[in-house]
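To convert, note that position 130 of the sequence shown is 130 in UniProt numbering; the numbers rise steadily by one, no gaps.
In case anyone wonders, no lab produced these hints; they're calculated from the structure.
Errors might be hidden in some of the hints.
[To be verified] Ranges between beta-carbon positions, derived for each pair: (1) P5 x I150: 38 to 48 Å; (2) N52 x E98: 29 to 39 Å; (3) F72 x P3: 13 to 23 Å; (4) P3 x E90: 43 to 53 Å; (5) N18 x N181: 14 to 24 Å.
Where is the CB? At the ideal position from N, CA and C, for every residue including glycine.
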Amino acid sequence: EGPMPQTRFVLRKAMELNLIPIVVINKIDRPNARPAEVLNEIYDLFIELGANDDQIDFPVIYTSARSGVSGFSAEDLEDDLEPLFSTILEHIPAPLVEYNAPLQLLVTNLNYDDYVGKIVVGLINRGKIEEGEIVSLIKQDKRKVLCKAIKLYLFEGLKRKEVKKAESGEIVAIAGISDANIGSYFSPSICLKITLGLDT
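Kindly produce the complete structure, drawing on both the sequences and the hints.
Structure follows, in structure tokens:
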């Protein structure tokens, strides 16, 4: 399909922030795929938007997200998304995190598991969380609720791996917190106890 209208908008904003892009050409498995033409259209778009030398020297990954394949060439795809993930790790800087600060985690996604129920997903911006820890859930209407992180998971590729602890900079999935919604966030339980005047 080539660059979409939203691609132009997002790319312009990224260039204003002087970000260096990774170009992913998706849907490569379609019968009418035209990867070489699409790549030329992307170069034209970058030039039109005034990309600097660093920005126009972008890595290119070819994928079929639906089929779970990717590669550095449209003709040579691997049976997984490893080329995409390794390129992200190589070219995108790690997030700025505060390991020793109090917990701060914004819920950005929700999942459901037949065994453990609702699972909340988010990036830990500060601090850490441990399995079984009591934390404060601050809802969008500013109500605060104490809740327990029953199980924690980190992501390995497309799979979840159960862990005992997750730290700043990691995307974590937490089971056992049914009250959370997208936009809720977590902080240490002591914050809620102080607010309520409870003994710690």
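query = Is the distance from the Cβ of N52 to the Cβ of E98 consistent with 29 to 39 Å?
reply = 31 Å Cβ-Cβ, so the 29 to 39 Å window holds.
inquiry  = Against the range 13 to 23 Å, how does the distance between the Cβ atoms of F72 and P3 compare: consistent or not?
reply    = holds, 20 Å
task = Take the C-beta atom of P3 and the C-beta atom of E90, compute their distance, and say whether it sits inside 43 to 53 Å.
result = violated, 24 Å
key: Whether the CB-CB distance between N18 and N181 falls inside 14 to 24 Å   = The hinted range 14 to 24 Å is violated for N18 and N181, with Cβ atoms some 34 Å apart.
inquiry  = Is 38 to 48 Å respected by the C-beta to C-beta distance linking P5 and I150?
reply    = holds, 43 Å
Hints 4, 5 from the earlier list are contradicted by this structure; the remaining hints agree with it.
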